[in-house]
Structures are given as structure tokens and as C-alpha cells.
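Protein chains in written order, with our numbering: chain A, 233 to 868; chain B, 5 to 318.
Any given hint might turn out to be false.
Derived DSBU-like pairs (lysine-lysine); straight-line CA-CA distance at most 35 Å [as the list claims (entries may be wrong)]: (1) A:576 with B:54; (2) A:576 with A:785; (3) B:290 with A:576; (4) B:54 with B:290; (5) A:796 with A:785; (6) B:290 with A:796; (7) A:355 with A:796; (8) B:58 with B:290; (9) B:290 with A:785; (10) A:355 with A:785.
Hints in this document: simulated from the structure, not taken from any laboratory.
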Amino acid sequence: MDRLAYGLAALAGIGATALGGYGMFGGVWTLRLAWLVPLGGLELTLDPLGGFFLALIGFTLVPASIYAMGSSGGERRDRFAYLVFVLSMCLVPLASNTMTFAITWELMSLASYFLVLHDRESKESIHAGWVYAVMTHAGLACLLAGMLLLGAWTGSPRFEDWRAAAPALSGTARDVAFVLLVLGFAGKAGVIPLHVWLPLAHPAAPSHVSALMSGVMIKMGVYGILRASLDWLGAGPAWWGVAVLLAGAASSVIGVLYALVDHDLKRLLAFHSIENIGIILLGIGSAMLYQQAGLEALALLGLAAALYHTVNHAAFKALLFLGAGAVVHATGTRNMEEMGGLIKRMPWTAVCFLVGSAAIAALPPLNGFVSEWLTFLVLFQNTRLDAPGLSLVFTLGIASLALTSGLAMACFVKAFGITFLALPRSDAAARAHEVPPTMRVAMAALAASCVALGVGPTLVVPALGSIAASVLGVTPPATVGDWLTLRVSGTFASLSTLAIAIALGLALLLPLVALPLVGASRRTRGYETWGCGRIVQTARMEYTATAFANPFKRVFDFFYRPAKRLDIEFHPESRFFVERIEYENPARSIFDDWLYRPALDLLRAGARAARTLQSGSANLYLAYILAALLLMLVLA
Amino acid sequence: MIAGFAVAIVQVLVVGVGAPLLVGVLRTLKARLVGRRGPSPWQPYADLRKLLAKEVVISPTTSWVFRATPYVLVATMLVTALIVPVAVASPPLAFAGNIILLMYIFMLGTFFLALAGLDAGSAFGGMGSSREVAVAALAEPTIIVAVFALALRAGTIDLGRVVEHFGREPWLAANPAHLLAFAAFFIVMLAETGRLPVDNPATHLELTMIHEAMVLEYSGRYLALVEWAGAMKLFLFMTLLANLFFPWGLTGPAGSAPVLLALLALAAKLAVLTSVVAVLETMVAKLRLFRVPELLAGSFALACLSLMAVILVR
Numbered sequence: 233m234d235r236l237a238y239g240l241a242a243l244a245g246i247g248a249t250a251l252g253g254y255g256m257f258g259g260v261w262t263l264r265l266a267w268l269v270p271l272g273g274l275e276l277t278l279d280p281l282g283g284f285f286l287a288l289i290g291f292t293l294v295p296a297s298i299y300a301m302g303s304s305g306g307e308r309r310d311r312f313a314y315l316v317f318v319l320s321m322c323l324v325p326l327a328s329n330t331m332t333f334a335i336t337w338e339l340m341s342l343a344s345y346f347l348v349l350h351d352r353e354s355k356e357s358i359h360a361g362w363v364y365a366v367m368t369h370a371g372l373a374c375l376l377a378g379m380l381l382l383g384a385w386t387g388s389p390r391f392e393d394w395r396a397a398a399p400a401l402s403g404t405a406r407d408v409a410f411v412l413l414v415l416g417f418a419g420k421a422g423v424i425p426l427h428v429w430l431p432l433a434h435p436a437a438p439s440h441v442s443a444l445m446s447g448v449m450i451k452m453g454v455y456g457i458l459r460a461s462l463d464w465l466g467a468g469p470a471w472w473g474v475a476v477l478l479a480g481a482a483s484s485v486i487g488v489l490y491a492l493v494d495h496d497l498k499r500l501l502a503f504h505s506i507e508n509i510g511i512i513l514l515g516i517g518s519a520m521l522y523q524q525a526g527l528e529a530l531a532l533l534g535l536a537a538a539l540y541h542t543v544n545h546a547a548f549k550a551l552l553f554l555g556a557g558a559v560v561h562a563t564g565t566r567n568m569e570e571m572g573g574l575i576k577r578m579p580w581t582a583v584c585f586l587v588g589s590a591a592i593a594a595l596p597p598l599n600g601f602v603s604e605w606l607t608f609l610v611l612f613q614n615t616r617l618d619a620p621g622l623s624l625v626f627t628l629g630i631a632s633l634a635l636t637s638g639l640a641m642a643c644f645v646k647a648f649g650i651t652f653l654a655l656p657r658s659d660a661a662a663r664a665h666e667v668p669p670t671m672r673v674a675m676a677a678l679a680a681s682c683v684a685l686g687v688g689p690t691l692v693v694p695a696l697g698s699i700a701a702s703v704l705g706v707t708p709p710a711t712v713g714d715w716l717t718l719r720v721s722g723t724f725a726s727l728s729t730l731a732i733a734i735a736l737g738l739a740l741l742l743p744l745v746a747l748p749l750v751g752a753s754r755r756t757r758g759y760e761t762w763g764c765g766r767i768v769q770t771a772r773m774e775y776t777a778t779a780f781a782n783p784f785k786r787v788f789d790f791f792y793r794p795a796k797r798l799d800i801e802f803h804p805e806s807r808f809f810v811e812r813i814e815y816e817n818p819a820r821s822i823f824d825d826w827l828y829r830p831a832l833d834l835l836r837a838g839a840r841a842a843r844t845l846q847s848g849s850a851n852l853y854l855a856y857i858l859a860a861l862l863l864m865l866v867l868a
Numbered sequence: 005m006i007a008g009f010a011v012a013i014v015q016v017l018v019v020g021v022g023a024p025l026l027v028g029v030l031r032t033l034k035a036r037l038v039g040r041r042g043p044s045p046w047q048p049y050a051d052l053r054k055l056l057a058k059e060v061v062i063s064p065t066t067s068w069v070f071r072a073t074p075y076v077l078v079a080t081m082l083v084t085a086l087i088v089p090v091a092v093a094s095p096p097l098a099f100a101g102n103i104i105l106l107m108y109i110f111m112l113g114t115f116f117l118a119l120a121g122l123d124a125g126s127a128f129g130g131m132g133s134s135r136e137v138a139v140a141a142l143a144e145p146t147i148i149v150a151v152f153a154l155a156l157r158a159g160t161i162d163l164g165r166v167v168e169h170f171g172r173e174p175w176l177a178a179n180p181a182h183l184l185a186f187a188a189f190f191i192v193m194l195a196e197t198g199r200l201p202v203d204n205p206a207t208h209l210e211l212t213m214i215h216e217a218m219v220l221e222y223s224g225r226y227l228a229l230v231e232w233a234g235a236m237k238l239f240l241f242m243t244l245l246a247n248l249f250f251p252w253g254l255t256g257p258a259g260s261a262p263v264l265l266a267l268l269a270l271a272a273k274l275a276v277l278t279s280v281v282a283v284l285e286t287m288v289a290k291l292r293l294f295r296v297p298e299l300l301a302g303s304f305a306l307a308c309l310s311l312m313a314v315i316l317v318r
């Protein structure tokens, strides 16, 4: 039964990739079933942007489902929720009227809610599910409000009619629609400060689901932002782009800062999703600004960079979540402080995780580097806007992207180094074993795609350029370099990750050949790690994840505001002997403290105030009804 | 094609062979400045030969990452040697890369070295790794903003074109934007190559060391490769600084005479830069680790000022 459900999902993934690919390259397909649902009926349309996201879902769905066959498949309820989740997600980028969109979007959210809640015994899961449900429905409320308003103003629930009518709406109406829609979509994408559900929900779900949630579900938020801001509403005022760009800058830096001090492997990856959504938004924000200023080629490049990073993030984040899932499967814990030494016990997983780590840390010649490089180039060319104020915003984007990639590198040294290297820090880690072949195949396929997307930008960028061109309504540029070299904006920059990869490969071999020639000794002797004369090396002498992250905690303490607590229990007879030390140094979330808690307090106070209305007296309630009725009559 | 290969070989040889000499000269100069005779400038070659002849002692705790890292480090340096304008403005691999790529290739080396530091399971290695990545991460915004300031003026981020552009600019050395970007890059160079006041290359004191703590477990040929790569990194960063900010003598077409001229000019520029570093390292003390971010923030401010100067002058 396990295999049947996940096999079906994998087949659906192949189908989605094929259909999406067909749409990406200009294929058109529509389906209208007016009788199926009220208010406009079911309406699906395939266009290049929708096709791109559909193909993206399929591309991640196949390895995730193959992986799920190998890991324990869970209960029947989970398998059902998984199928509903992936099928409804496949329909979201195709939906082309309000009703269809709302139904598929809500099905996707509900099914993923049940998947987050798969462990019904744990308090943590229940809390995660609760926060997720609240946040996702607050987002849905914004979305529905925005869509219904837009539908009322343009007189049609169909997206196609919005495209024609929305640019003619008044500025205020367009601003209101933009804010509502983008808020709703940003909540799904996990943009700061609407990210609170993400670090809770992703670790709670099974790993193949986390891979899909992080790899593609939050991308549906990106999809929505693209649709709302560039497609449905057309070019908007400059502040739209500035808002998106600043949100991207904040999300990227804050996401990675939280990831650095989190030692739950899956939660760390969830925080990195926030970071990468931020990087994608940097590209989208600059594309919006360039489009508004009429710089079509740069808008195209910005959108292509954002789409490239979207694919890349799906590839390496799915890979990392599957790798983390394999580690959790083998050790039974998500706490990095109890891992270590897994590279010897799980060599395949380790190699795949290393590839994913290098890719997300934007190291050349892997895929993360290519899209971050493109994003840098898009941000660099802002002076062509000739607006010094905007240059300041762009410079902020450049600096935060640079800081983000540096910190991401540091964070993945921690994530890989503490999890896989040195001695195991617990018995569970010492007893770990490699995962079954299906799980390894899934990870290896994603690792291979990270490499392919890294060395093949000359194939990927033109394809993404044509999708971006169709969204922006411009003609795609004829050529961007040759098979080997990617050229951007004329002579502004060129890049060939393929040449770099080949050169790196040859340069790796050079010392191997040259060392014997210069007469290097080949003798090797094993001896334990140097430890200042201690007798036995144990895992307790190793650096921990907490210690590794400490320099960052001190440098950014204005942000983390760590609350330090130290409990020492002395021996009853002498204070010179310590029996037990408990040390806690947790970072506090400024968003919980300054945004959500005050908001919740306000809500509670409001609820308490409203309680006086509810006295329990039936006569009073009848009086309310009468008053309401009179009010309506007066107003009408 | 043949000329391209010749230039490639010249560049790799200059970087690979010249790097230990640069380190040796720096050490000798520092020794003279404090009144010691110091070792000969050729000492690093003797050190490398000694290390190559010794056996490797390797901890059984380590994995293949530890053994692969020296090779990865050397490979990253050799590839950058084909991109940085050492002898000609546009070396053979310049089409494949640019300043941003260059910095990320250095980061690839740092990534592996930091992993190797964790691999042996000693507290020293972990401490060194943690500090090294902290410094590298905080230096990143400075580099990119300074690169942006340069790219704005040159209209490109391709190294060869940047160098050619600046070669044509007459009052280059008196341009405030240029000097500010140079100062920012110089500080980053000190941080990235582990020089004073960020890290002390001559110490083996646990509490202060960064780079040396990370490579503590290496020995024999592995240590030789790591040391060689470190020397090449210093050489490449200094060459980049010299030829990017003062591209005099580099802009001719590729041919044996201009290449020789460019190499002579490079030697002169490196001699000046090395003396500056030697004097600086003699004068300043190492900063406390948690003061280093302040220095890097200062260099970031310089890079931003340079950028402002560019935008205002336009």
C-alpha cells in the first residue's frame, strides 16, 4: 500500500514535469468545467509561468516520493494527505479563476496541516500545527479579500480579465489589492515577519514532506507574488518594488542569522528557506523596479535570476531535507549536538549532504552560486535607473546578499561539520547505519541536478529568459553568450561555471601527479589527534554547534539578545567540586517579543472587553437584534 | 591558443613559485624591522621541501574530507591564478570568471579548510574553524560593495576590462573613490589572508590563533600543500590589489616583452605592498577576537564611502 501511494505520487510528478515543461515552452492547454463548482466553475489554464511552477513541483515530487518509499511510509491517513497535498499543489499554478484558486490553495494548506500534525502525540507537533493553521488562514483571509475586491472592481473572477482591466483601476484600488495579495502570498512564502510558522511546521512534518513544503510549497507564495505584482496588476508604483526588495533583504539576513544559532538540523534548514525566499525576492523586487522604469532587459534579467534561484532552492533544499531525514532516520534525533561521525557510517548521505551544503552556501561551480551571481549583477546595474534614493535601497540589497552568503557558508560548515565529521557525540550516532537504496537514489538524483544546474547556466538562462519575457510581455533577447559562456548585459559580465569546473578538476589532479615527481614522501602513519597530553580522546572534547556559533552570537548580540542562565550544583562538602553544571544561552526572537506577543495581548484584551456584551440574558440579546435591525433600516 | 597556454603556464608558475618567496621576504623584512637578522627569504622553500620529505601523521578520527582538503585548497588557488591579472590583463580563464567568482572560489577553499578543522575532533580545530568562518563571513559585504564601486566606474565586473579601464584613467591614484575602495580591500586582504591585526601568522598560542588552529592536525605533504596554498592566497590577494588599483605596466597586448614588463612592474608593486604590510605588522598588535568585527565594519564603511563618492561624482 505504501509503495502504491508513493508510486502514484511519483507518476504524478513525472506527468506534472511533462505538462509543465510543455507549458514553459509555449504550450497552451485549458480546461473549463463550469458545472463542477459554483461561482465561475473549475477553470485551469497552462501558461509559461504556471508551467514553470508545475514543472518545479514535478521535479521535486519525483525524488521526494521515491525517498518516501524507502523510509517508513507512515499511516494510511498520512499517505492520503500526501496525495491530496501534492495533487492540489499541482493545480495551484494552473488555477485561473478565484474559486478554483481558493479551493486548490486551501486544499493544499489543509492537507499540509494534517501532514505537519502526523505525530499526534507530541505537544510540539500540535503547537506547530496550530501556529501553521492560524498563519495560513490569516494569509488566506488577506488573499480572499484581495481577490474578491479585485473581482468586484474589474467585474470578473477570472484572472484573464484582471490582466486586461486592472491597469486601468485607480491608484488606491491597485495599492489596496497589491498589499492584500502580497501579504497573503508572503505569509505562505515565509517572508519576515510572517515566517513564524515555518521553523515550527517544517521540522514537525516527515522529511519527504518537509522537502516538498520547503522546496515547492513556499514557492507557491513566490508564484503568487509574481502573479499579483507583475502579471495581474501590471507595472505599479516604485514603492511596490522597494517594499519587495526590502522584505527580501530583511528575510535573507534574518533567516540566516536565526539558522546560525539553531542546532535542530531540520529547523536550521527551515530558517534557510526564509533566507532563500529573501534572495528570490531581491530578484523580483529589482525586476519590478526596472519594469516600472521601463528598463525591460534588466527587468527580464531580474526575473530570470529570481526564477533560477527558485529552481536551485528547490533542488538543494529538497536534497538537504532528505539528507536531514536520513540522518534523523538513522540517529533518532534532530539535535546536532548528539550527532557527529556520520560520514563514516553513512558515506552516501554524507556526500549528498555535502553537495547540498556547498550549493546552498553559493560555492562555485554549483547551482546556488550561479543564481546568486545573477542576482548580484541585477542589483549592480541599478545606477541605470538614475535615482540616487533607489540606489541606496539597492546597495542595501547588495550588502545584505553578500552578508547572507557569507553567513550561509559559515552555517553550513556548522551543519555539515558538526553532524557528519569527528567522533559521534551520542550512542545513537555511533550506532547509525546507512539508509536504504531508494532513499539514496532520491538524494543522489537531487545532488546530480544541483551539479547540472550549476555547470549548465548557458542552457537554463535562455529558457528562464523566455518565461520571464512572457510574464513581462516583452521579447526575449536573441542570445546570451555561447554554449560555454554566459554573458550578461553586453560586456558587463561573463561567467562559465563549466570552464571553472573543468579547471578545478584538472587542478585537483595536478598535485597528485606533481607530488611524486618532486620526491614527496608517501609514508602515512595513523596516530590519535593531538590533545595537550590527555590520555583518551572522547567526543566531549570536540567543539559543539553552540560553541561554533558563539562568535556570531556575540557579534550580533543586539539582534539575538541572548538570555544567559548558568546553574552550578556544588558538592555538599566542598565548593571546589562541581557536581552538575547547567548552561543555557538561548536567543530570543524579536518578532515574538515585539510583534506577535503584543498583538496577541491586544487580541485577548479586545476579547475580554467584548465579553461584557455577552451577559447571558436572552432579553438583552433580543435587544441587540432589534438594534441591529433598526440600524440596518436607517442605513439602507 | 598557443599564446593563451603560454600565458596560463607563466601565470601559474609565477604564482606557484613566487608565493613562497613573497612570504619569505615578508618574514625577513619583519625580522629586520625589529632588529633581528631573521631567516633568509628563501627559507619557505626549504620548509616546503622538508615537509614534503616527512611522513604524514593522520588521526584515525578524520575522514576523506580531511585528506581531500589540501588538494581542494591548492586547486582553488591554481584556478584563481588563471583568472587574476598577474602577467596580462585578461588571462586565459578570465572569460569564465570575474571578481565575484574569484571571491567565491576563495570561499570554497575556506569552506573545506573549516570542515577539515572540525574533522579531527580536537577543540583547537573547531575553534579555528569557527573563528575563520566568522571573519570570512563578515568580510564578505566589504568585498562585494567595493567590487560594486569599481564596477560602477568601469561599467563591467570582468577583471580584464576593469584593469584596462583603470589603465586609461589618468588621475587614478588621486581619485578619492579609488583610494577608499583600496583601503577597504586592503583591510579585507589582511583579514582573509590571516595577517595582523586580525590573526597572527607567527603564533601558536591557542587562545589567539585562527588559521594555525585550523591546520594544527596537518603534517607532512598535506601541511606542505596547505602552507603553499596559504602563500599563494597571499600572493594572489596582493597581486589583485596591486593590479586592480594600480594597473600600470599591465595593459599592453600579450607578447613576451610586455609580459616581462608587466612582471617587473608587478614585482615592484608587490615589493611596495609587502613593505607596507611588514611595517604595519611590526607596528600594530593583534586585535582581540571580538574587536575584529569592528575593524571589518570600518572597512565596510570605507567601501560604502567609496561607493557614495562614485555615485555623487557621476
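Verification of the supplied hints:
| no. | hint | in the structure |
| --- | --- | --- |
| 1 | A:576 with B:54 | holds (32 Å) |
| 2 | A:576 with A:785 | holds (31 Å) |
| 3 | B:290 with A:576 | violated (39 Å) |
| 4 | B:54 with B:290 | holds (30 Å) |
| 5 | A:796 with A:785 | holds (12 Å) |
| 6 | B:290 with A:796 | holds (29 Å) |
| 7 | A:355 with A:796 | holds (25 Å) |
| 8 | B:58 with B:290 | holds (32 Å) |
| 9 | B:290 with A:785 | holds (22 Å) |
| 10 | A:355 with A:785 | holds (29 Å) |
Checked against the numbered hints above, the structure breaks only hint 3 and satisfies the rest.
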